[in-house]
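Colleague: Read in order, the letters of the sequence shown correspond to residues -6 to 390 in this note's numbering.
For the record, the hints were derived by calculation from the structure and aren't laboratory data.
Just so it is clear, CB atoms sit at the ideal spot from N, CA and C, and this is done for glycine as well.
Please note that a few of the clues may not be correct.
Quick list of simulated restraints, FRET-style, between CB atoms [unchecked claim]: (1) D149 - S37: 56 to 64 angstroms; (2) A58 - A141: 26 to 34 angstroms; (3) A148 - E351: 37 to 45 angstroms; (4) P61 - P364: 46 to 54 angstroms; (5) P28 - P364: 14 to 22 angstroms; (6) A58 - T204: 21 to 29 angstroms.
Below, computed lysine to any residue pairings styled on SDA-like, alpha-carbon distance capped at 25 angstroms [to be verified]: (7) K366 - L259; (8) K366 - G272; (9) K366 - G19; (10) K366 - N247; (11) K366 - D325; (12) K366 - L276; (13) K366 - A12; (14) K366 - T301.
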Amino acid sequence: MWTEIRPAVEMPRLFERGADVVSFAGGLPDLDVLPLETVSAQLSRLVRLGGRLALQYTTPHVAGALVPAIDDLMAREGSSAVADRLVPTGGSQMGLMAVGLALASPGHTVLVQTPAYPGATAAFRTAGLDLHAAPEDGEGVDPQALRATVTRLRADGRTVRLLYCNPTFQNPTGATLSEQRRRALLAAARELDLVVVEDNPYGLLGFDGHTTTALHALDPDRVVYLGTFSKVFAPGLRCGWIAAPEPLVPALRNTTEVMSLSPSALAQSAIAAFYTRSGWTELLEAYRASYRERCALLADALEAELGTDGPWQWERPAGGFYLWLRHREGVDTTRLAETAAAHGVSFVPGSHFGLDGEHADALRLCFSNVPRKRIAEGAARLAAALTAPAPEQRGAA
């Protein structure tokens, strides 16, 4: 039953025990960056002057006042927002569920870039879809191997319609597909008649401000783009959007209307009001600066604690929230998570990002919300846990 599918937040919750735990588990933004006084004043004004509208049901469309705010964000990665191709969501998680329900049928197969955001795999499974890992090489999803995989699956009688990817500062690896690989991937998708689902919460969070052209910008008639304000504004408002090819919009709009009846008029109005007054540039740079500093603190601390030529390997990401560690000899990090909890630190085991328990030799660290003063301490605790003798070895003579 769909109710038996593991929630995306279950594993991080398991390993957050007590106030003294340094948590590298949850992917939370740094809301100390958000100008709360400004947001509070704008919310107060909205309710005072237009509360009867802002607190009422609304239509299943992106509010006209919000379209420029979305267009600005998408333009920074080379794309644009066309009002009649936008579908409002309560964040990307709702968008993923809507895509799974609206664009495929139970028993259909969705190809997934792995390791994958577990909220996506949970949503697709809840929609009754079968998951199959997209073939990859050192540069990401491999277009040539993708052709062979889809051909084989279809020859076996499986219906393959969707390819899901998180191409920029991916959760959990932090990796980014090059523009050359994006173009090749889209060419393969056109040949195979696949709809590409681009999940893009982190694309504007490159530490140096650099952006990579979105898949949607390269082929808006092939790509369903999932956008969210959770990482560039605040997740508590639960507000996002889908930018879709025109023929797919009615099914997506009908599905989201069934799921939530209407978007939050208050959330849309609050974000639109903030954008009208402040724009995005200053806030985006503040978020980037926060994550740039935190990532450097964590990576430096890991190098000091674990070295750079030991069994634990990682690459410094150029943006986003996450750092992905992998063990050369295949240690099971699910067991290590319990050891880490005993040391007062938490992470998410890599198997949580697999389709069937794979990537157990890896772990994800999130640095975005860890207090700066505790990052080095957390890295030291983590190193102690990762290098501790296995339970069966303790006490051996």
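Colleague: Decide, hint by hint, whether the structure agrees.
Modeller: Hint check results:
| no. | hint | result |
| --- | --- | --- |
| 1 | D149 - S37: 56 to 64 angstroms | holds (59 angstroms) |
| 2 | A58 - A141: 26 to 34 angstroms | violated (47 angstroms) |
| 3 | A148 - E351: 37 to 45 angstroms | violated (24 angstroms) |
| 4 | P61 - P364: 46 to 54 angstroms | violated (35 angstroms) |
| 5 | P28 - P364: 14 to 22 angstroms | holds (20 angstroms) |
| 6 | A58 - T204: 21 to 29 angstroms | holds (25 angstroms) |
| 7 | K366 - L259 | violated (36 angstroms) |
| 8 | K366 - G272 | violated (31 angstroms) |
| 9 | K366 - G19 | holds (18 angstroms) |
| 10 | K366 - N247 | violated (47 angstroms) |
| 11 | K366 - D325 | violated (29 angstroms) |
| 12 | K366 - L276 | holds (23 angstroms) |
| 13 | K366 - A12 | holds (15 angstroms) |
| 14 | K366 - T301 | holds (23 angstroms) |
The structure fails to meet hints 2, 3, 4, 7, 8, 10, 11 from the earlier list, while all remaining hints are met.
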